[in-house]
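S.K.: Spelled out, the chains give:
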Amino acid sequence: MAVLLLRLAGPMQAWGVKSRFTVRATELAPTKSGVLGMLASAVGRRRTDPIEDLLRLRFGVRKDQPGTVIRDFHTARSLDGKDSMPLSERYYLTDAVFLAGIEGDDALLQGLDEAVKHPVFPLYLGRRSCPPTQPVSLGLRDAPLYDALREEPWLASPWFRRRHRHSAFNAELLLDLDAVPEEEHRGDLRGSRDVPLSFDPRRREYGFRQVERLEVPLTAPADKPSSSVDAHDPMADVEEAAQCS
Amino acid sequence: MFLTKIGLDPSRRLARKYLGSPQVMHAVVMKAAGEDSGDGAGRVLWRVDPGASTSLYLLTPSEPDCTQLVADAGVRDLQARTLDYSPFLNQLDSGQLWAFRLAANPSRSVAQGPGKRGKRYGHVTVEQQRQWLINRTPNYGFELVPTEGDDDEAAQSVVVVRRERPIFNRQRPDAEVRDRVTINRTVYEGVLQVTNPDKLRHALVAGIGRSKAYGCGLLTLARVGRR
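Protein sequences, first through last, are from chains A and B.
With the working numbering as the guide, the letters of the first sequence map in order to residues 1 to 245.
With the working numbering as the guide, the letters of the second sequence map in order to residues 1 to 227.
Keep in mind the hints are simulated off the structure, nothing from the lab.
It should be emphasised that the depicted structure is a prediction, and the values quoted were computed from it without experimental measurement.
It cannot be assumed that every hint is accurate.
What the simulated footprint calls covered on chain B by chain A, stretch by stretch (three residues with Cβ under 8 Å from a Cβ of chain A suffice, anywhere in the stretch; the number is not a length) [what the hints assert, rightly or not]: (1) 44-57; (2) 80-90; (3) 216-222.
For the chain B half of the interface with chain A, some residues (derived, Cβ under 10 Å), not all of them [what the hints assert, rightly or not]: (4) LEU3; (5) LYS5; (6) ARG101; (7) GLU189.
Here a beta-carbon is modelled for each residue, glycine too, at the ideal position from N, C-alpha and C.
Put together the whole structure using the sequences plus the hints.
M.R.: Right, dumping it as structure tokens:
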């Protein structure tokens with residue numbers, strides 16, 4: 001078993017689970033269906049291709065920088081400009097950085113790692129208008145998913161880390177229930193209907209999974225020692241000269 | 001001449017206002033410097049050294065009155081420190097080594113044709129900016145000390161440690177439009193050797209290069225290796 005770690009960050013992300021009709025919502029963390037879909041498109045699978053092998057993968061995500069939700073009142077017209085498309089409200093997460101981990105068979109994950117680095121279809125963070133920033137793949141780790149997600153250094157932006165430089169930042173960790181070791185269970189469970197059974201646009205299907213919520217304290221790596229005293233001090237020599245004269 | 005050091009506290013509102021615009025800082029500094037602050041070798045020079053603590057250095061012909069400036073924007077419980085510059089200037093002598101810091105506006109003039117005034121352009125790359133200072137050092141009465149183990153001419157001990165481009169709008173009394181001023185502030189550090197004390201004294205007091213009203217031109221010296 002190996003773990004593939006992904007850094008999901010970009011100006012905007014959108015991870016929809018419950019969207020219906022013209023209100024297109026986003027969850028506050030990447031969904032299993034969204035990330036597995038991104039991996040499948042990186043490999044070059046079409047929507048009707050089988051994804052049974054991907055369903056055996058275990059999934060977890062750490063919210064390194066939670067981001068904020070914005071609403072887009074979306075107006076669009078058809079290509080010839082004659083008809084207006086349905087008005088919709090689309091919600092996005094902005095300024096968010098997530099660490100996602102996929103656990104499963106070594107060979108499969110190696111292939112996925114390669115594919116993410118050289119994707120067949122473009123990668124996007126939940127919605128086509130949300131490209132990721134580089135690097136997406138952080139490579140494979142030889143550790144259980146639970147440990148890999150806890151031990152990876154904090155990925156948040158410098159400005160966000162600065163905001164938490166005096167105290168540890170407690171990042172939420174959302175893990176598939178069966179990826180959490182027995183003794184670590186906190187019992188903070190929630191159901192999520194984001195297990196993709198089929199991406200086929202004619203009959204999309206999703207199953208339930210149990211997600212356990214944990215917290216990981218993250219701290220910024222120690223800042224490089226900065227000399228608090230300015231090395232260049234013209235006053236000292238001017239004062240000395242004044243005393244000597 | 002008097003050299004003054006004032007600790008500024010950037011968390012204070014007025015300090016941020018002063019630090020944010022060279023023109024505002026110019027006005028504040030001129031107010032502190034008092035009446036007799038003309039041009040030439042007796043003019044007011046200033047420089048801001050940001051870092052762990054932000055310091056404002058002033059070089060003024062007469063003793064400045066910084067009480068208002070310190071009260072508005074200074075670090076609490078810290079007074080301005082003013083020292084007489086003349087004893088220091090008098091002890092400068094040929095052959096001395098000094099660590100220096102200089103904020104300047106390196107620029108060049110490009111001819112616009114006969115009878116027309118040349119147009120000023122800022123030097124853009126670090127190498128151009130270094131070369132600008134290296135070429136002018138003989139006029140200022142010092143030379144840059146070559147770095148050890150390297151006799152290449154480019155390896156002189158001067159480095160560009162910081163580059164800023166403050167931009168602000170300036171209202172001219174006689175013009176209707178506000179003109180936009182861009183200053184190409186470049187901070188140099190290095191080690192110099194005094195060759196002509198008189199010329200160096202003049203450079204220290206009169207400043208180096210352009211934009212002296214806006215925080216450029218002040219050269220300060222400190223003993224090499226002092227910590």
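S.K.: None of the hints should be skipped; say for each whether it holds.
M.R.: Hints and how they fare:
| no. | hint | result |
| --- | --- | --- |
| 1 | 44-57 | holds (count 6) |
| 2 | 80-90 | holds (count 7) |
| 3 | 216-222 | holds (count 3) |
| 4 | LEU3 | holds (6 Å) |
| 5 | LYS5 | holds (5 Å) |
| 6 | ARG101 | holds (5 Å) |
| 7 | GLU189 | holds (7 Å) |
Violation of the numbered hints given earlier is absent; every hint is satisfied by the structure.
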